[in-house]
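These protein sequence lines are chains A and B, in that order.
Using the numbering used here, you'd call the opening residue of the first sequence number 82 and step up by one each time.
Using the numbering used here, you'd call the opening residue of the second sequence number 676 and step up by one each time.
Be a bit skeptical, because a hint or two may be false.
To be verified - Ranges of calculated distance between the beta carbons of each label pair, as one might list FRET restraints:
(1) B:715 with A:139: 51 to 57 Å
(2) A:488 with B:1294: 35 to 41 Å
(3) A:218 with B:845: 32 to 38 Å
(4) A:147 with B:729: 36 to 42 Å
(5) A:275 with B:854: 53 to 59 Å
(6) B:1226 with A:272: 16 to 22 Å
(7) B:805 with A:488: 58 to 64 Å
(8) A:138 with B:729: 55 to 61 Å
(9) A:153 with B:1294: 51 to 57 Å
(10) B:715 with A:561: 44 to 50 Å
(11) B:1230 with A:168: 48 to 54 Å
It should be emphasised that the hints constitute simulated quantities derived from the structure, not laboratory data.
As the structure is a computational prediction, the values presented were derived from the model and not from experiment.
The beta carbon of each residue, even a glycine, is placed where N, CA and C say it ideally should be.
Given next are the chains, with one letter for each unit.
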Amino acid sequence: MTRLILRSIAIAIAVIALVDPAISLSGSTRARLAVVELDPAGPIGPALHVVRDRLVRDLGSSFEIVPQITSDAAAAIVIGDRYPPESIPDAIRVSTVTVAPAATGMRIVRIDAPAEVPPGTAIHLDVGVEGTGMAGQSSDVRVSIAGIEMGRASHAWTSARERWRAAFDAVPVGDPPYIVRVADRAIVVGARRRPLRVEIYEPRPSWASTFVRRALETDPRFQVASVSMTSRGIASRAGEAVPLIDANLDRFDVVAIGGLDRLTAADVRAVDRFMRERGGAVFLLPDARLEAGPARDLIPVELKERLLERPTKLATQAPSPAFEASELLVATDRSPERLALHVIASTTGGDAAPVVVSAPRGAGRLVWSGAMDAWRFRANDDGAFDRFWQSTIAGLALAVPPPVDVRIEPPLLAPHETGDVIVRVRSRPLNDAAPASATIDGTPIRLRPDPEAGVYRGTFVARDTPGRSRVDVRVDGTRAQSASATIVVDQDAHRVDPESPAPLSMLATSHGGVDATPDRLDTIEQWARGAVSTPATREARHPMRSAWWMIPFTACLAGEWWLRRRAGQR
Amino acid sequence: MSPDERFIRDTIDAARRRAGLLAAAEAAAWGAAVAAIWPAGGAIVALALAVWRSRAVTRGAVVRALERAHPDARNVMITAHELSNGRMVAKPAIRDRVFADAAARARQLDRRRAFSLTPFVRALTLASIVWIVVAARAPLGTMTRVPLFNRLTFSTSTATAPGAMRVTATIQPPSYTGLAATTLVDPSQLQAIEGSTLSLSIESATPAITVEQDGASRTLARTPDGRFTSRAELTKTGYLLITADTGARRLVPVVVSPDALPAVKLTAPGRDLRYAAGNPSITNIAIEARATDDFGLKSLALRYTKVSGSGEQFDFQEGELPLRVTQASGRDWTGSVSRSLAELNLKDGDMLVYRAVASDARPGDGSASSDAFFIEMSTLGATAGDAFTLPEEETKYALSQQMLIMKTERLTQQRPSMPAGDFNEAAQNLAVEQRMIRAEFVFMLGGEIEDEDVEAAQSNELQEGRLQNRGQRDLRAATVAMSQAEKLLTGANTVEALVAERAAVAALQRAFSKDRYILRALGARSQLDQTRRLTGNLSQAADWHRVPPDPAANRRLAQLDDLLRGISELTAATGTRDWRSRALVLAEQALRIDPASASLRQIATGLQRAADMTAAARSSALASAATLAAVEAQRAHAGGTLAAPMVAPALRGAFNDALNPVASGFSRTGGGRK
C-alpha cells in the first residue's frame, strides 16, 4: 500500500509538472520614496543629515528609500534651505523640509561683473556681501585671479543683519576665461577677442561727436569708422563707414550720431531697426537743444536745456569716471524707473537730473547724452571725458549680441555637474530657420528649440575632471554660422548664492506636497503614508517550475524502490 | 664569571663594535651614492640600510658570523654564548671546559675575516663614481651650496645663488656735491646722484664676467689681483646685470636721483610795483632774494629787462643788479639790493621786469630763476594790472593794446582843445590801429576774418575748437572787445572805446596767464593776405578718406601681463626644482620693464628675496610681489567697462515700448512723433 502511495505521488508530481499550471496571486509592494538632501556638503549639511536619518528610520519600513529622484520614484522629500537649481519633473509629488540657513556669518550674495572684457581692460566687480549676526566684528573680502590677490576690502559690521557693497578692479591673468575668486565664491569672465566696432555718423560736423570719435580712435580696443558730411554731397570718411540706411550697418556694434538736427526720417528708421533687430547700441550726441524732428522722436523723455555759469561735475555710474559739462540737456522725468531708463550720468545736488541715459529699444539700447559741451573740458581730470566715453561705449558694445550667441548656464561647473547651453541666433530671415547643432569636446549635445524664436537650449554633463571644455555651435542654412564657448570645470566651483533665493516651500506647493520644518517631521511622514499609496500587484506564478519538487519526487521514487527491494522484489 | 667566560664576552663585544661601525659606514656610503641624484632619497636609503644592517650587530648574529668565518671552531663559540646567556644549562665542569675551549679558539679568531671591509669599500667606490658622473654632466653650472643637506650641487639654470660672486660697489658722488663715496657689498639696490661714478669690484671664480647696464653690455677681464673691475658714470635710473660665464647672474636696480635746480624766490617786495611819474629819486626800492639748493650754490644774481618805448616800437634792455649776498650755509643764500627809480633810470611808460637767478655748482647750466615781477612807471594809472607776469614774447600783444589805451586816453583828454574834425580823424586812426592789432592777433591764432559780427558770433570755430576752454573763452572775449573798441573809435566814442579796450587787455592777461596758448610773436607787423580770403573753389571739393593714426601699442601693458602670468605660474609651482631660477628671471623681467618705476624695482627686489628663501618662507614674499605687480598692471589697464543692464534682454525692450507709447508708436508708423 505504501509503495502504491509513493508511486502515485511521484507520478502525480511528474504529471502536474508536465501540465505546469499557473496560479494568480494578489498583493502589494513597497513604494519607492526619494529622500534628497540639497547641498549636503554646504554649511547646513549636518542639519540635512539629521533630518534625512530620521526620515529613513521612520519611513524605511514602509517605503524603499533612495537618495535621489528616480523615474520610478512614487514621491520625493527634498531637504534644504532654498529652491533647488535643478528641475524636478512635474509628475512626481514632492514634499519639502526647509532647514533654516546658518544663523550667523558673512556670505557673498551678489557679484556684478562683465560677462567678458576686451584686451587690456580691468574687470570691474561690484560685490554684495551680507552679514548676519556679525555686529561688532569685521570681515575681509579678497579678490584673486590665478592665485594673485587683486584687491581686498574690509568692513566693520554694525548691525545684526547688514548689506555691504565693495568695488574692485581686477586685472585678468592667464588664459581666458578668467576665474575670478571673491572670498569663497567664484565667477567666470570671458575675453572679447573681436574688436568693438563703432561707427560715428555726422550728418554735419559736430564737436560733440568729433571728440567722442577721437577718444575711441586712440583706444586700440575699438575699431572706429566714421563719416562726416562736411558739405552738400561731400563727406569725410574713415574706415568702412556706411550710411545709416545701409544694411551693412549691422556689422557694427555701436553707432554714435552727432549733428542730430540733420538726421532724416529714413535715417531714424534705420537706426531704430538697428536697435530692434540687430540689437545694437545707438548713442545720440546732441550739441544743441533738440526741438522737433525725426531725431527728437527717438528720445522717449522730455528734455530741458540747463546752461550753467561754471561747469559742473556729473555724477556717473562706476566704473565710468565723472566728467564736466556746463551746457546740459537734462531729462525732466523724475522717475526714470518708470520708463526702464538707466541713468549713466546725472547732475548732483538738490535739482539732480539725468544727463546721460540709456533705454532699451527692442533687443538693443539707445543712449543719449545731454552733456552738450563736455568736450570743452576733456582735458580735465586726466582726460575723464575720454575715459567716460571709452568705458560707456565699451560696456554697451559688449552687451550687443553677436550673430550667434552661446551662453553656458551656469558658466562655472563642478565635475559631473549638469549645465545648459543656450544658443541665440540673431536676425535670420524666417525662411532660413535652419537647425542648430552643438558639441562639447566633440560629443554632440541635443539642442531643442525654445518658444522664443531663434533660441535653442541643450543640456550637458560637465567633464569628470577639473579643466576646460569647449562647446561648438553651428547653425546651418543659406548663411552657415558658427560660434563657440569655453566651459570652466572647477572642483571648488562655489557659485554665488542668489541674493534672495526662492523658498523651498514653493517646490512643495507646485508638486502637491507639504512643507515642514525639521521639528515637524511627523507632518511629512503623515503625508508620505497618506499620499503615497502602496502599489497593489497581481502576479501569475507557476509553482511546478520550482526545482524543489525534485526532492519529494526523488524521495518518493527512492522510498518505493527501497520498499520493493526489501520485499525481495526487483 | 670565570676568566675564560669574560674573555669570550669581551671578544664578542669587540666584534659587535666592528660590525656596527662597518654597517653604519656602508649605509652612509650607499646613501651618499643615492644622494648625488636625489638628496632625500639618499637619506632614506642610508637610514633603511642602517636599520637593516643593525640586525647583524646583535650578539647572537655576531657569534654566528664568527662561527661562519671559522668553521673549525665546531660551534664551540655558539655553545659558549648560549651557556653565557643562560639558554643552555650544563654542569660546572662541562661549562668550564666549554669556555676554556672557546677562549682558546677566540684567541685565534680573525675579526676582519668575519666582518670584512669589502662591502663598505664597494659602496664607497660606487658613491664616488656616481658623484663624478653627476658632476661631469653639469659643465655649465657653478658649484653652489644648498643649506638643506650641505651638499654640493651644480645648477644648470641661468640664475644661481648670490654666493657665486661677491660684488663690491663703490659710488663716488660728483665732486661738487662734497659728498663722500659709499661702498656696498652685494647690494640689493644702488642709489646715486646723477653724475656719480660707480666702481664695481667682482670676486668670482668664473673666467669672465659681463656687465650690462641699461642694455649696453661689456665684458670684464680679470685683473692681476684676481678680481673683475668696472667703472661707469650713472646718468639715469636703470639696472646692472652682472653675468658670469658659468651662467650665474646678479641683477641690481640702480636709482639715479637728479641734482635738483636751486629754488629761488624774490622775498621782497614780492609783488609788482606801479609808480606814477614824478620825482623818481625819492622812491627807494629794496629787493631781496633767497636761494636754496640741495648740494650747494654757486651764484645768486638779480637780472632785469627794461622795457621802454611807445606805440609799436619797444626797446628791451637787459642787465643785472649786483646783490649783497649773505650765505647762511653753502646751500642757503640770501641777497639784497636797494635802488631808487632814478638809479634804475625808469621814465614815464617804462617797465622793469626783474627776477633772481641762482645756479648751483654742477658742470654746465645749473641755474634757475624766480618768478618775474614788474616795476612800472605810468602817469595815467592804466597798467597791465596785478600779477602781470607774462613771458616777454606774449606780453607784446598786451602791450600793443595797452599802448592803444594810452593813446585813447590822451585823445580823450585832448578832446576839449581839439577841433571836432581833428578829433574824429584821430579817433579813426586809432580805430585803424585797433583793427590792425586785432587782425594780427586773430591771424596769429590761426583764425581768419570773414565778417566781424559773424566771427564774433561763431567764435567757437577758432582752432577747430581744440582748445575750447577758459583760456579760449578769454581770447574770444578779447577779440570781441577789440571789435567793439574799433567800432566805438570809428564812431569817435573814445570814452566807451576805452572800456572795451581795457576789457580786451584784461581778457588777454587772463588768457595768457593760464598758459593756454603759446603765442607766436611777430617781430614786425604783418599784413593780411587779402587774396587768401574766401577765395576757395568749391567745384574742386571732393570726398576725403581720412586715415586715423593707429593707436599706440601699449607695450608696458603686455609686459606687465606677461609678468603677472609668470608670477601666477610661479605661485602654483612652489617647490619645483627650478623655482629659484624662474623667480630670478621674473625679477629681471620686472626691472627691464621700467627700471625707473619704484614699484617695479620693489617687485624685482621682492622676487629676488623670495628666490633666496626656503620653500616654506617664500610664499609671503611672492604674494607681496604679486600684489604690487597687480597694482602696477592695473594702472596700465583701461578702467572697467560700464555694466549694461541686461535683465531679460528680449523682454526689456518690449516692456519699455509698452510703457512708452511714443517709441512704440514711432516704431509702428516708421517715424513721426505722436
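Evaluated hints:
1. B:715 with A:139: 51 to 57 Å: Since the Cβ atoms of residue 715 of chain B and residue 139 of chain A sit about 56 Å apart, the hinted range of 51 to 57 Å holds.
2. A:488 with B:1294: 35 to 41 Å: holds, 37 Å
3. A:218 with B:845: 32 to 38 Å: Violated, since residue 218 of chain A and residue 845 of chain B (Cβ atoms, about 55 Å apart) do not stay within the stated range.
4. A:147 with B:729: 36 to 42 Å: With a Cβ separation near 58 Å, residue 147 of chain A and residue 729 of chain B fall outside 36 to 42 Å, so the hint is violated.
5. A:275 with B:854: 53 to 59 Å: holds, 58 Å
6. B:1226 with A:272: 16 to 22 Å: The hinted range 16 to 22 Å holds for residue 1226 of chain B and residue 272 of chain A, with Cβ atoms some 19 Å apart.
7. B:805 with A:488: 58 to 64 Å: holds, 59 Å
8. A:138 with B:729: 55 to 61 Å: At 56 Å between Cβs, range holds.
9. A:153 with B:1294: 51 to 57 Å: holds, 53 Å
10. B:715 with A:561: 44 to 50 Å: Given about 59 Å between the Cβ atoms, the range is violated.
11. B:1230 with A:168: 48 to 54 Å: Taking Cβ atoms as reference, residue 1230 of chain B and residue 168 of chain A lie about 51 Å apart, which means the hint holds.
In the structure shown, a violation is registered for the earlier hints numbered 3, 4 and 10, in ascending order.
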